[in-house]
Every structure is written in C-alpha cells, then in structure tokens.
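Novice: Top to bottom, those sequences are chains A and B. Mapping the first sequence onto my numbering, position 574 (from 1) lands on 574, and the numbers just tick up by one. Position in the second sequence (from 1) plus 1000 gives the number in my numbering.
Calculated directly from the structure, the hints in this document are not laboratory data. One should not assume that every hint holds.
In silico lysine-lysine, DSS-like type, Cα no more than 30 Å apart, as pairs [to be verified]:
hint, chain 1, residue 1, chain 2, residue 2
1, A, K143, B, K1250
2, B, K1256, A, K4
3, B, K1250, A, K142
4, B, K1256, A, K143
5, B, K1250, A, K141
6, A, K3, B, K1175
7, A, K269, A, K486
8, B, K1250, A, K52
9, A, K4, B, K1250
10, B, K1175, A, K142
11, A, K3, B, K1256
12, A, K143, A, K31
Over the 12 Å line for every Cβ pair with chain A, so calculated as not near, a few chain B residues [said to hold, decoys possible]:
hint, residue
13, G1017
14, Q1061
15, L1094
16, V1269
Heads up, the beta-carbon is just placed ideally off N, CA and C, and yes, glycines get one too.
In case you want the letters, here they are:
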Amino acid sequence: MRKKPLTFYLAATGLITVYLLILQAAANLNKPVFYGLVALLALFIVFITARKPQNVLDFFRSMKLAVSVLIYFTIAVIIGTLILQNVEPARYLQSYSPGFYKFVKLLTLQDTYHSVWFSGLVILLNINILICTLNHLPIRKKKIGFFLIHLSIVIVVIGGSISAFFGMKGYINFHEGETVNEFQLTQYNQMLDQKRQMGFQLRLDKFEVDHYAPDYRVYVYTRSDSKNKFGMPYSFKSTENAEYPVTNAHGTLKILKYFPDYAVREVAKATDTGPGAVKVVLHEENHSQTAFFFDMTGDDRFFMPNQKGMIVFKWNMPKNLAATVSEQKLLTVSFPDGRHQLISVQEGESYPFTPDTTLRVGRFFPSFSIDDKTKEIVSAGSKPDNPALELIFENKITKEKTTQWVFANFPDFTHGKKLPGNATIHFTFVPTMKDKPVYVVTANGHYAWTKNGKTFKKGTLDNNRLTLGNLTFEFNSFIPHAKKVKEEFNRSEKANNPVVRVQWEQNGQKEVAMLGASDKTATFMDNGRVALLLRNKDDSPKAYRSYLSVLKDGKVVMKKKVEVNDPLRFGGYYFYQSNYDPKDPTYSGISVVRDPGVYIVFLGFIMLTIGGILRFYFKM
Amino acid sequence: MIALIDNFSRISTMLTGLICIYTIAFVLYSFSLFMKNNSVYTLGRFSLFVGFIINGWLIVQRWIAAGRPPFKTFYESLIFASFCIILVYLVLELIRKVKLVGVGSIILALGCLLFAVVKVDVEIINLPPALQSGWFIPHVVIYFIGYGALAVSFATGIMYLFFPDAIVLDQDTRKGRFFTNALGGEIIDLEAFTHQLIIVGFTFLNMGLLTGSMWAKFAWGDYWFWDPKENWSLITWTIYLTYFHLRYVKGWRGRKAVVFSIIGFAAIVFTYLGMSALPTASMSEHVYTSQ
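Please build the complete structure, drawing on both the sequences and the hints.
Specialist: Quick look at the structure:
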C-alpha cells in the first residue's frame, strides 16, 4: 500500500466514527438492526482482511491512525463535558429543547463515556496500539519505555473493562445499632431497585460528626451604587471592641458586643417612684434561675415547680393575708375618650358598663380550649395556662345580648367584634393556690404562710433564704421603687443564638445595628451600598466517621473506624464513608464498591509513569 | 478590571510587594535583552530570586494561618501557580541563561498573581473531609509543577512561532546578535527547547494522574469518575499525546507541532480556570471555591 497522507486517516476515522454513531442509534432504537450492522461491520473487516491483509495491517499499525483516533477521542471527551451526563430527565428538559434531548438520547450523549460509539473509539485506539506495539517486537532494552507506555494504555482499558463488567456499586443507609446483610445497588449515583447479599453482616456501632469551632463573623458587602451587584464580602471576627476599616466603602465597622446565645429578660431597675421589687434566685438540686418580683398585682407571685405551692412578694406584710393572696380577675376597661377603669370581677356578677349597657361576667376557664369533637368550649385543666373569661353585654333598652371572651394571654384577641362604647378590655388573671401553702415574703425579711385562707406561721428568713424541701429561694437586692426593664444577656456560652451589636461609621456618622445569625435578610447601611450579615464561617463538618463491625455467623470478625479517605475492606468489598445527615445524628451513608479491575488499572498507570520516564530520559 | 483595582486595597502588603518585585524583574529582564552588559541582567536575576522567596513565603504564611496546605481556593492556588512557573524557569536558568524565556515566564507568573487579586479571598476556608488526605499535597504539587513546565513551554512555543528562524541566524546581523544575547549567548533551537519542557510537563501529568487516581480510589471508591475536571485533564493529556505522535508524521515538526503545544496549554488554562463555565460544572468535585 502506498503511504497515505494524514488526511486519509482523519477521513477514515471520521467514517468509522459515523458508523459507530449509527450503531449507537440502532442500539437505542432497534436491537436486531444493531446486531445486523455489527455483523455487517465484522463481515466487512473479514472480507477486506482476506483480500488485502497487508493494507489492513498497514492501516491499523499506522502512527497517523493513532493521531486521528486521538483527535476524535479528544473531541468525544469534550462533548461529554458540554452535555449534562446522567442527570434526571427533568433536568435535561430544563436545559435543552425536547428535540435536542431526543437527539442526545438517540446517540447516548447523556452517557457519552459508557456509550457504544465511545467504547468503539477506545477499542479502535487499543487495536491500533496493540498492532503498533507488536510491530516493534522483539523487546529490546532500548525499547522498554516504548512498550511500557503503549501497553499501559491497553492494561488500563482492560482493568477498566473488568471493573465495568464484574464490579458493582451500592449504598447502605444506616442508623446507629442497625445491622445489614445486603446493600442497594446503584448506578451513576442513582439508586436501583435491586439489592445484593454480601454473605456477611455489617453493623453500625457508632456514628460521629466533628464540627469546626463556631466562628461567627460579620460579613460586609459593598457596592459603589445601590443598583450594582455586591462584590465579594469582607469578613470580620466578632471580637468585642475590634474596629475594622472597610476601605471600599470608606467606613469603619466596630464590634460593640457579641452574644453567642442572645436572650432578653425582664429585670428590676431602681427608680424614684413605682412598686418595691426584689431579685429572687431559685436554687434547685443542680441548677438555679433568677427572677424579679414586683409588689404589684400580677407580678408579685409565682408557682413553685410541680405545683407544690406559691410564693408572693409584698414590700410590707399585709394585714389581711387571705385577701392578698386570693385569686383575682381584673378587667382594665379603656374608652376612646381616655377614661380608664380597673374592676375586680367575679363570675355571675353584673357591673354597670355604659349608660345603656350592663356587663355580666359569665364563665371562667383557667385553660380555655375547644373540644375537637363537640366543638364546645371547655377547660383543658385546672392549671391557669390559658385563662379566659366570658363577658356578656346586655342593652338595657333592647335587651340585646352580645358575648365576648377575653384572654389573659392574648390581650389583643377581639374576634373583630366591637364592644359597647368602643371600649377595649384587658383581662388580668391573678391566680392563687388552693389546698397548697402560699408563702408571703416581705422586704424586711419576714414571711408567713397561709393555706385556704388560714394563716399558719410567721417567721424570718434565714440569711435571706427560704428553704422548702429541695427548693431554696434566695431573696436579695430589695429595691424600694423599681420599674421593669428589658435586659440582654447570654443564656449560655454555646453558639445557640449568636447576635452581635455593631457600629457602622461613615463620613463622621455613626449607626448602631443588631445582627442575628438567624436573620433572613441583611442589614443595609449607606443607602443600600453596604450590607451587613452575621454568619458562621463554616457549618460544614470537619470529619465524620462510622464505627463498623463485620459479623459472620453472629460473631464479630472485624472492627473498623471508617472515615472519608479511609475505607473498610472486607470480602472483596470496599465500604466508604459517604454521607451524613445534619438533621439525623445517628444516620450514616456508606457506599459499597466491588472493583476487581482496580489493581490492573493502577498497574497500568504505574507502567505509564515509569514508561514515560524511561522513554524520554533514558534513550539507551 | 474594576475588581482588580478595587481589590488592590484588600490584599496583603506582601502580595502587593511581590507583584511590584516581579514587575521590576520583568522590566530588568526586558532591558537586559538589549544590553550586552550583564549588570542589568544580574540585577533582574536578583530581584526575580527575591520575588521567588517572597512568593514561597506567602505560601508558607498562608499554610501556617490556615493550618492546612494552601491549595483550596483560587486565590491560594494562583499564588502557588506563579511560584511553580518561576521555579521551573529558575531551574531552567541554571542550565541556560535564556533571558527571553524569563520575560515570558515572569509575564505568566504576574498574570497568575493579578488574577489572584481579582479572585481575592482573604477568607481561610476549611478543608472538607475528602481533601484531608495525604494525597492532597503530592497530587496538587505534582500537577502544578507540570503546569508550570507546560506554561513555560507555552512561552517558548510562542517565541518559536514568532522567531522560528532564530536558530539559523548568525552573529553578524542585528537580529542575530539580539537573539544570541536574549537566549543566553548561544544560539539554541527553541523548538527542541519547547519539546524538552513539554516532556518534563507531560511526565508530571502522568504522575499527577497516578496520584489522583489512587487518592480518588481511597476517598470515593473510584479511580476515575468522568468528572469534568478529570475529563479536561484527560483532554490536555491527549492533546500532548497527539503532539508527541504528530512529530513522527512527516512534515509535522516545527511550527505545526508547536501549535499543538499552544493548544495544549490553552486546554490547561481551561482545565484550571474555565471549569465553572462548563454546563457540567455542578457535577464536578474539583471546582475551586471562589468565596
């Protein structure tokens, strides 16, 4: 055969590729046609080899063929990176027109690297390499590099094929304590509806996720105009009193205060007027809590844990103890003209309301609730967790009645009804305890206790403490006149609710803002040109690991801590730490691989590396 | 461009200094091409070496600050890329004083650093578990040295395209004298030079492939994923492979072959920087974090 130019080989390889694509389409559309075309190709090869064996041999051992196939192979690999591979049909239809998707499926372009035509190109390349290599026999010292390089490709392809035909991949969804003897088969990360028995059992003894230490930072985004996009943010550690210049915005960010676990509580603050108050620390067995009592109705008492009794704080010991601690239902009535009225009411009694109407107090429920079945109003219990009072207004002339429920916990709940005289009513329920002791404590350190209206004992606090069983109330910081104010504090040192108070200074103007890690939107400064966010730098895990046991006939034969980059190997399978669930700390996702060709592939890669070095640097 | 100017205020003084020193080295090397006197060249070499040390120190500094190898973000890897390019050139300079190649290498290194400024990422990002592996450092370092060698081969390749005849020029013409000086006092074959660099780069690509496949096997259970980045490194590899074979085809040495080395480097740049432009990028494990 005359020496053919490179263009001949390019054209020939092109023709072969087209034939391979036709084969692919046939394989997808009609199997018999596919087999027919394969047979035709085989016949053609046999025919032409029989007629002109030298030409065929020349063709397949040509360096130009290698170049041509490499070019087509490269183009094929590029195509596979341009078309989405092995994703759900919906995702294809999102990105491609239905016609193009049909074309993609016709030529298996959605799985380029496992397609018939791609495999055909690889086989062609390998035939070329093999014949070319055999042509250089015998192996001489000088040619070791050459042989290693070329055979390495064949070996990699053989190893890869063994893996493809005899290997398998699967997945185990595990929870701590669970034992499995099979896994779900997967293909291209999609679960198949097939399971595979392993011949042994695998138990997840323990699962752990390590996180990086929380590092909440203030992210500052800047842009030159509020219409532009924000650039990459600055990130600043939430270190109190730290000042950070933001050069892009010509501003300065100062961290005023950082709360890892932000919360607000009500405390007593001394004033000139107002009721007396006291700070009370309740010590239980292993923890304590702080509260403030005020000598005013509603804020002077609280129930002990487990309904054991009640504590009431009064600045001076009242004369009538029973009346002081009694249950009260208070209505604060306000009229649009500004008139206020505080009335203490009782069930069943009537009170004048406006010149035209009277107010009758109906039923009282300590725990208002509506029965699911009967739809009737009932009390869910005797504990006053949702106190509600029925008010009935009666017009003196028309005798028309309107009913309104008022709720102590929901002062604004009116059901859209208008009350006579356009009044608004707030209901305050002051509970008491029946059949349980009620302790009244005063600022001068005295106390008395009553039960069902009878006073039993008077005494003085021991070192400002009142001990009742395993509960100790410590009364300190008596304030003669106080008001309720809100105070920010850290509930704990753990980053449960990080909040930071920052000051943004720009052009001599200072602005203070509170940023919370749970804020859904940023806080804007400088007419929208600066945006501030508080976020954890990295929520992703540092490491996650499964403690696995392999069991055979009920006996543990192997134990291993499996981490990413450190799989378990047993019975021809590899088990990889593959997944975790931030919401389910006991869950572990383990992927299973059986890959009998892997060492052949590695051998190929090693041969390639060494062969390359020998070929290029030791031309002996 | 706006990002580049904007971000200059955000980078460390050390990086600004490094860019300045490399720029000075670039100017000195450029001048030395036209000067028979060696003093400018010596000064250029000195500043390039100082820059190289600072470049290395930037990597070490980041390594200490992050507590992990600084190859995670674009910013970090670009600084490492510039280090590798200069490393390859400095080794080359030990063998032959090819000032012209030095100019090209410094331009490439400066390009990396300026791009690092655009991609500035002062934030230190933690390593995900898969990257916490003994394979991480060898895999990245081997590939980047390979890329460095191929980047320099790109520079010499371009020069060869512009001055393919330099090799036959004699000392008597002006052009001949210029090249003699620019290429270190001796006439050299730029094509052969390019070829040698490609061989070095290709050998490193093979080793990178080997380490990468082994790492992938231990981390994910498969030595090859047909991941877009893997595919593009395969494409790069086959382009150079095609180049090696084409050289044996009659009429394919010289300019035509060198063009392939340039296409190969373009593929490297795309593999390195262009992944996020691919429609399949979301499927990749290799896409650099840019924030």
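Novice: Look at each hint and say if it fits the structure.
Specialist: Structure-based check of each hint:
Restraint check: the Cα-Cα separation between K143 (chain A) and K1250 (chain B) comes to about 22 Å, which is no more than 30 Å; the hinted pair holds. Distance hint between K1256 (chain B) and K4 (chain A) is fulfilled; the C-alpha atoms sit about 19 Å from each other, no more than 30 Å. Taking the CA atoms of K1250 (chain B) and K142 (chain A), the gap is near 23 Å; set against the 30 Å cutoff, the hint holds. The suggested pairing of K1256 (chain B) with K143 (chain A) holds, with an alpha-carbon distance near 27 Å, which does not exceed 30 Å.
Restraint check for K1250 (chain B) and K141 (chain A): the C-alpha separation of about 27 Å stays at or below 30 Å, so the hint holds. A distance of roughly 40 Å separates the Cα atoms of K3 (chain A) and K1175 (chain B); the hinted pair therefore is violated under the 30 Å criterion. For the given pair, K269 (chain A) sits about 9 Å from K486 (chain A) by alpha-carbon distance, which is consistent with the 30 Å threshold. With a CA separation close to 25 Å, the supplied pair K1250 (chain B) and K52 (chain A) stays within the 30 Å bound.
Distance hint between K4 (chain A) and K1250 (chain B) is fulfilled; the C-alpha atoms sit about 11 Å from each other, no more than 30 Å. Between K1175 (chain B) and K142 (chain A) the alpha-carbon distance is near 41 Å, which puts this suggested pair outside the 30 Å criterion. With a C-alpha separation of about 21 Å, the suggested pairing of K3 (chain A) with K1256 (chain B) holds against the 30 Å cut-off. Between K143 (chain A) and K31 (chain A), the direct Cα distance comes to roughly 45 Å. Violation of the 30 Å bound is thereby established for this hinted pair.
With a least CB separation of 18 Å from chain A, G1017 (chain B) remains clear of the 12 Å interface cut-off, as annotated. Annotated as non-interface, Q1061 (chain B) keeps its C-beta farther than 12 Å from every C-beta of chain A; the closest such distance is 18 Å. The Cβ of L1094 (chain B) sits about 18 Å from the closest Cβ of chain A, beyond the 12 Å cut-off, so the non-interface label holds. With 12 Å as the threshold on Cβ separation, the claim that V1269 (chain B) sits away from chain A holds: the shortest Cβ distance comes to roughly 15 Å.
Comparing the model with each numbered hint stated earlier shows that hints 6, 10 and 12 do not hold.
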